[in-house]
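Undergrad: Residue numbers (the working numbering), protein chains in the order written: chain A, 500 to 795; chain B, 4 to 380.
Rather than coming from a laboratory, the hints here were simulated on the basis of the structure.
It cannot be assumed that every hint is accurate.
[To be verified] Among chain B residues calculated to face chain A with C-beta under 10 Å, some are:
#1 40
#2 77
#3 81
#4 139
No residue lacks a Cβ here, since even glycine has one placed at the ideal position from N, Cα and C.
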Amino acid sequence: MLAQQLFNGLVLGAVYALFALGFNLVFGVHKIMNLAHGAVFMIGAFAGLYGVLGGLPLWLAVLVAALCTGLLSVTIDALAFRPLRTSSEAEFAVLITSIGVDMILVNLALRVSEAHTMRFPFGVVPVEPLLVFGLRITPLQLVILGAALLCGALLAWYLYRTSFGRQVRAVSSNERAAMLLGVEPRAVYFQTFFISGALAGIAGVLIGLAFNSISFSMGEPYLLRGFVVLIVGGLGSLPGAAVAGLALGILQTLTVAYFPSGLTDLIVYSVLFLMLLVRPNGLFGGAIADARMARR
Amino acid sequence: MTRTAKFRAAAFAAVLLAMTTTAGAAEVVVGAIAELTGSAADFGTNTARGLQVGAEWLNARKDMSGNTVKLIVEDDGTDKGQALTLLNKFALRDNAAVIVGTSSSALSASIAPRAEELKVPMITIAYSTAAVEGRQWVFKATDTIPHQFQAIANYTADVIKPKACVRVWGRDNEAYVQNSKIWGDTVTAKGVKILDDVTVLISDTDFTAAATRISSLKPDCLYLAISPEPAANFVLQLKSAGLPATTKLIGGTTMGSRIFLGAAGTAAEGTYSLAEYSPGGVNELGKKFEAAYQAKFREKPDTFAAAGFSEMLIIGAAIKQAGANPSRQAIRDAMAGLKDLETVIGKGRLSMVNRIAQYDMVVLTVKSGNLTVAPGQ
Numbered sequence: 500m501l502a503q504q505l506f507n508g509l510v511l512g513a514v515y516a517l518f519a520l521g522f523n524l525v526f527g528v529h530k531i532m533n534l535a536h537g538a539v540f541m542i543g544a545f546a547g548l549y550g551v552l553g554g555l556p557l558w559l560a561v562l563v564a565a566l567c568t569g570l571l572s573v574t575i576d577a578l579a580f581r582p583l584r585t586s587s588e589a590e591f592a593v594l595i596t597s598i599g600v601d602m603i604l605v606n607l608a609l610r611v612s613e614a615h616t617m618r619f620p621f622g623v624v625p626v627e628p629l630l631v632f633g634l635r636i637t638p639l640q641l642v643i644l645g646a647a648l649l650c651g652a653l654l655a656w657y658l659y660r661t662s663f664g665r666q667v668r669a670v671s672s673n674e675r676a677a678m679l680l681g682v683e684p685r686a687v688y689f690q691t692f693f694i695s696g697a698l699a700g701i702a703g704v705l706i707g708l709a710f711n712s713i714s715f716s717m718g719e720p721y722l723l724r725g726f727v728v729l730i731v732g733g734l735g736s737l738p739g740a741a742v743a744g745l746a747l748g749i750l751q752t753l754t755v756a757y758f759p760s761g762l763t764d765l766i767v768y769s770v771l772f773l774m775l776l777v778r779p780n781g782l783f784g785g786a787i788a789d790a791r792m793a794r795r
Numbered sequence: 004m005t006r007t008a009k010f011r012a013a014a015f016a017a018v019l020l021a022m023t024t025t026a027g028a029a030e031v032v033v034g035a036i037a038e039l040t041g042s043a044a045d046f047g048t049n050t051a052r053g054l055q056v057g058a059e060w061l062n063a064r065k066d067m068s069g070n071t072v073k074l075i076v077e078d079d080g081t082d083k084g085q086a087l088t089l090l091n092k093f094a095l096r097d098n099a100a101v102i103v104g105t106s107s108s109a110l111s112a113s114i115a116p117r118a119e120e121l122k123v124p125m126i127t128i129a130y131s132t133a134a135v136e137g138r139q140w141v142f143k144a145t146d147t148i149p150h151q152f153q154a155i156a157n158y159t160a161d162v163i164k165p166k167a168c169v170r171v172w173g174r175d176n177e178a179y180v181q182n183s184k185i186w187g188d189t190v191t192a193k194g195v196k197i198l199d200d201v202t203v204l205i206s207d208t209d210f211t212a213a214a215t216r217i218s219s220l221k222p223d224c225l226y227l228a229i230s231p232e233p234a235a236n237f238v239l240q241l242k243s244a245g246l247p248a249t250t251k252l253i254g255g256t257t258m259g260s261r262i263f264l265g266a267a268g269t270a271a272e273g274t275y276s277l278a279e280y281s282p283g284g285v286n287e288l289g290k291k292f293e294a295a296y297q298a299k300f301r302e303k304p305d306t307f308a309a310a311g312f313s314e315m316l317i318i319g320a321a322i323k324q325a326g327a328n329p330s331r332q333a334i335r336d337a338m339a340g341l342k343d344l345e346t347v348i349g350k351g352r353l354s355m356v357n358r359i360a361q362y363d364m365v366v367l368t369v370k371s372g373n374l375t376v377a378p379g380q
């Protein structure tokens, strides 16, 4: 059972990592704690579902969902966050605004779905598991792992191998200096919010498929887990988000597998607390924290 | 007296008699607090539909001592505050003689004190008895969990006869905690071993780890005490995790709901559930109810709809006994004394015992996608 549970944890962790990458991207570049990220994730799941119900093949529905949530995320930035960027308490103001955006999106989804829990039609993804070295692996689990790896790799390539990525990293380091060097911050904001939203949307569709449940409230538990990943991995660290996401998935799964189920949250948040005591900047957060201090 | 005069006298007497019986007859307001949205919308919506069919049924039969029923249904959004607001509104503004509410154990328990304070009869289908305990004005239209779940526990031990089972329940819902304990205690007393206990939150969706844990034990049976949606999800994930096909899946009333069947699909085949309502009706009244429900809502009723209809039958019988233009006290007293009332739930007859409806439950199984009465009862 241990090997099977480790694999289960890896799959769950892959989704957490995918969710947290987008969450952390915005925080890392723009220092914005976007609490509407969970709602964007939820909208992605609905977008994917309606795409499939509308007759699109799954792969196209996922792309459409990513596009929808990417544009949604950009819109949220334009309407809710951008007007606050010049205020003296921008970080706090954006945090509060993002809560409001989250509530609006959740309530809209509640109205549209009439509080029903929806699901993808049976047969959208083959369910018959494969037996590989004694492990039961469903095709969907392979898709989730593959999607997480692909998105992570594409994000890394984008950030470290393209001129756009250089601009993003420049803005992350020092926005004013980047502007003086000719970088257009609006373009950077557009790209980071779009990518963040798209990643959340893909994660939403995958979770909706994996756990057979899409509802207006599905984003909240993942946002809480996203926080844990953000803290444990290190604020603003994308490698940290990936590693911490996977670790959290495995920890959570093994806890359910070997301990009384009611202790899962207790153990997960205790680990978070211990991490904060031992490494306050998270696993990979040291350099980022220093940079923030230097900027101040 | 001439023939014409005699005829006129007889007619006048008949009119007088009719007027006497309807003199003071009233439109009795029944306020229903229903979960039409929110986390309990699955139960609440169908319960409300059953109430509506019940109100129409009662008014059409005209058998309530000349009274009629005016049913008002409003949404509490599965929110305690909203439920309380509605109770106050029905009782104080609309002068409701009876309050129906709610389908949720937690919400019913939270508003019951106010109903007691206002001395307005309140009836609920909530599973937990918390709303009723220690009160005189609150009634429960569904049997107690111990009495109800004894049926499925006895069926498990006496008919299915597993050697070892696993129990799963929603730890954040008192009714599920209670019914899983009753089931466990009963089957254990009859020699069944409980291999593992797994608890989940009703809002959980990821049961992969728990499903793998349970499947590795290869139990003869699995008892599930959670809401229909997560129950269906759990069953699907169990199948995916390799739960043996021989493992019997057993649940309470939620696994007999249409929502569970729709969400679980073919994975629901062969599952056992406890039912207050047998599809197709257990008696003539049940058959008529099903036809009326289907005509109005174009779908078959489930156990919650039947419970709602049964609530209205209880209210109607109490109004009839209470007489024309009944007071809240009269309705309350009549409701408390109801015996052997024909109903559509259980095996067709219920009696009020300490303000709680008592009746015999039925165990159902899914065969070819449909709920049927399980064999061996």
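Undergrad: Determine for every hint whether it applies to the structure shown.
TA: Status of each hint after checking the structure:
Because the smallest distance between the Cβ of residue 40 of chain B and any Cβ of chain A comes to about 5 Å, under 10 Å, the interface hint for this residue holds. Interface restraint check for residue 77 of chain B: the shortest CB-CB distance to chain A comes to about 16 Å, outside 10 Å, so the restraint is violated. Interface restraint check: residue 81 of chain B against chain A, minimum CB-CB distance 8 Å, threshold 10 Å, status holds. A distance limit of 10 Å between C-beta atoms decides the matter here; for residue 139 of chain B the minimum to chain A is near 34 Å, and the interface restraint is violated.
Figure legend: structure checked against the earlier numbered hints; hints not met, in rising order: 2, 4.
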